[in-house]
Amino acid sequence: MQSSTPQPAPASQPLTLDAVSHSYGDAVAVDQVTLEVRAGELVALLGPSGCGKSTLLRIVAGFINQTSGRVIIGDRVVDPLPPNRREVGIVFQNYALFPHMTVADNIAYGLEARGASKATCRERVKEMLATVRMEGFGDRKPRQLSGGQQQRVALARALAVRPRILLLDEPFAALDKNLRLDMQIEIKRLQRQFGLTAIMVTHDQDEAMSIADRIAVMSRGKIEQLGSPVAIYDEPETLFVNDFIGSSNRFAGSVETAEGDGYGVRLAGGTLWQVPSRKRFATGEPVLVTIRPEQLTLSPQPMPGTMPVRLKLSLPIGGELIHDVETSAGEAFKVAAPRRPGAPLDLTTTLHCGLAAHARPVLFPRPAA
Amino acid sequence: MSGTAHAGTTGIEWRLAAPLGFTYLAFFAAPLLILLVMSFSVDDNLGGFSTASWTKFWGDPFYRGVVWDTLRLGLLAVAVTTLFAYPIALVFVASGPRLQRLLLFIILLPLLTSVVIRTFAWIVILSREGVLNQALLALGLASAPLNLLQTELGLVIALTQIEMPLMLLPLITVMGQIDPSLSDASRALGSSRWRTFRKVILPLSLPGWIAGATLVFASATTAFISQTVIGGARLVYLPTLIWQQAMVVYNWPFAAVASVTLLVAVLAGVTAFATLGRFARTA
Chain A
4 MQSSTPQPAP
14 ASQPLTLDAV
24 SHSYGDAVAV
34 DQVTLEVRAG
44 ELVALLGPSG
54 CGKSTLLRIV
64 AGFINQTSGR
74 VIIGDRVVDP
84 LPPNRREVGI
94 VFQNYALFPH
104 MTVADNIAYG
114 LEARGASKAT
124 CRERVKEMLA
134 TVRMEGFGDR
144 KPRQLSGGQQ
154 QRVALARALA
164 VRPRILLLDE
174 PFAALDKNLR
184 LDMQIEIKRL
194 QRQFGLTAIM
204 VTHDQDEAMS
214 IADRIAVMSR
224 GKIEQLGSPV
234 AIYDEPETLF
244 VNDFIGSSNR
254 FAGSVETAEG
264 DGYGVRLAGG
274 TLWQVPSRKR
284 FATGEPVLVT
294 IRPEQLTLSP
304 QPMPGTMPVR
314 LKLSLPIGGE
324 LIHDVETSAG
334 EAFKVAAPRR
344 PGAPLDLTTT
354 LHCGLAAHAR
364 PVLFPRPAA
Chain B
481 MSGTAHAGTT
491 GIEWRLAAPL
501 GFTYLAFFAA
511 PLLILLVMSF
521 SVDDNLGGFS
531 TASWTKFWGD
541 PFYRGVVWDT
551 LRLGLLAVAV
561 TTLFAYPIAL
571 VFVASGPRLQ
581 RLLLFIILLP
591 LLTSVVIRTF
601 AWIVILSREG
611 VLNQALLALG
621 LASAPLNLLQ
631 TELGLVIALT
641 QIEMPLMLLP
651 LITVMGQIDP
661 SLSDASRALG
671 SSRWRTFRKV
681 ILPLSLPGWI
691 AGATLVFASA
701 TTAFISQTVI
711 GGARLVYLPT
721 LIWQQAMVVY
731 NWPFAAVASV
741 TLLVAVLAGV
751 TAFATLGRFA
761 RTA
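If you read the sequences in order, they're chains A and B. Going by the numbering used here, the first sequence opens with residue 4, and the numbers climb by one from there. Going by the numbering used here, the second sequence opens with residue 481, and the numbers climb by one from there.
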């Protein structure tokens, strides 16, 4: 496909948030957030609603003046600048296309605000329509477009002015599930092509996992953990991150032996697991072991480190089977296994559950109940 | 299936609409027809046929002046209410729910008082010894009391206050429905507040303005009480003229001509606003 490749953006700029806080009256929405987004990097702010991620985005855009702290784009503190002087491109959750303008006028809007000539605008609109593969849609009104097309236009409009930072506010929330992956690829492609520094706000971990270079998991106005998607998934630093990302099972236990970089943990049911951990625990300390469902296995025979369980239910979800199992003590948890042809597991017999070969259980201090 | 259901309901709908339809026919359409016939009659018994009243009305510069003054009054009222309504509407939309309730109460306040009382209140304010003149004199902004009563300026001031809710209510309704992220998008794309207002808020608020302007125009041109009480004998508008011709001079055919003229003038104004809106949207 012949798509006119625009020149790489003017040298990508890093974005720094320096101890940014914001309160609405007494309610603290953002609490001392420090974050460095490297030039050309896409960082996802991931968290439940009310965690402060949207407030943070609006602070960067200049719609909200933070209570304290600094926002630095490139080497310039942008706090005194109004939104129209920050050169930040935003794609809104509902796209916010101007309904009374054509697609071409929408894309040209920011260029005209900067005083670009009619000829420059026309040229750039054509170029941007090609970039988002929407040639021939310039004369349509936004309401005549599908959700995915509207988002492409919103992207083209934001990118047309060559922003220094791209902000994405829940960009996929309004799209059909099937369309989401396509648009994720599209956004990632454009972000790479333009070498843009970008921040994406989302509550959807799959979105964050698929396109972010790094993820900042937020809770109650603070960043709980900042790291690559794999690190966030495999090595959650807090119980909140562990519970918020993916699904996981929790087992209560206590440290029995400490050896090198791991611990022998006796679970409440009596099973002994070897758990590697860089954290410091004392012998006898009550701990929680968390483990992802796909890192557990079920076998018909007992082996060292397995516990007897009863299978209650099996659900096929996509390519996986999710088994809902229960220990003799009544502890319920989930085990995921690839779906294979053959007879389903017998619901009546006792099975034995243990760690898979490459399991990465994680140890946390057990909070007092 | 839906077709038969639809056919079944149309009959019922027609019967449901009938009482109001007949009422309109009997008490609106029929009198209008009588009015039209009257304007071509020789006397008030609907006798004879004559265009004398029409030629007298349109041949006299005084009566043509009355028509023009009436339209002008309507346009001035629309212009001034528009000028005041947009800032108020912008504040209203930007306010929190509690302030919005307070503002809405203040906006509706004029409607809770009778037009007669409001108009007489304006006499107290606008007269030579009135509140406004005393304030201007005390502040040294005027050396002699201004003549505001029985002037177009005074009438426009009073009408602006009286008609304000008619402009504001549709305007704030429509402006409240504009997605706030559109303003954010415009600002982030490099537009100043003023350009955002001009290019985004204003065009999207036009349907509300058209509704408001239509109401204000129709209401100001036919505001008999305000026009007579504040305009007095010196300012004559079509409603006053109709009343004089019908109730003082007893020239009913001539009053009918003035009435039909007023009706057509108001309709023309209203149509003009609607056309303006449609033109602005496609442009």
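No wet-lab data here; the hints were simulated from the structure. Among the clues, some could well be false.
Below 25 Å or equal to it, Euclidean Cα-Cα: the simulated DMTMM-like pairs (lysine to aspartate or glutamate) are [stated by the list, open to error]:
id, chain 1, residue 1, chain 2, residue 2
1, A, K315, A, E288
2, A, K282, A, E240
3, B, K679, A, D142
4, B, K679, A, E240
5, A, K191, B, D664
6, B, K679, A, D108
These numbers come from a predicted model, not from an experiment.
Cross-check of the supplied hints:
1. Taking the CA atoms of A:K315 and A:E288, the gap is near 32 Å; set against the 25 Å cutoff, the hint is violated.
2. Of the supplied pair hints, the one linking A:K282 and A:E240 holds, its CA atoms being roughly 10 Å apart against a limit of 25 Å.
3. A hinted pair counts as satisfied when its Cα atoms are at most 25 Å apart, and B:K679 with A:D142 qualifies at roughly 18 Å.
4. Proximity of B:K679 to A:E240 is assessed by CA-CA distance (about 49 Å); at most 25 Å being required, the pair is judged violated.
5. With a C-alpha separation of about 24 Å, the suggested pairing of A:K191 with B:D664 holds against the 25 Å cut-off.
6. Under the criterion of a C-alpha separation no larger than 25 Å, the hint pairing B:K679 with A:D108 is consistent with the structure, at around 11 Å.
Hint compliance for this structure: hints 1, 4 are broken, all remaining hints hold.
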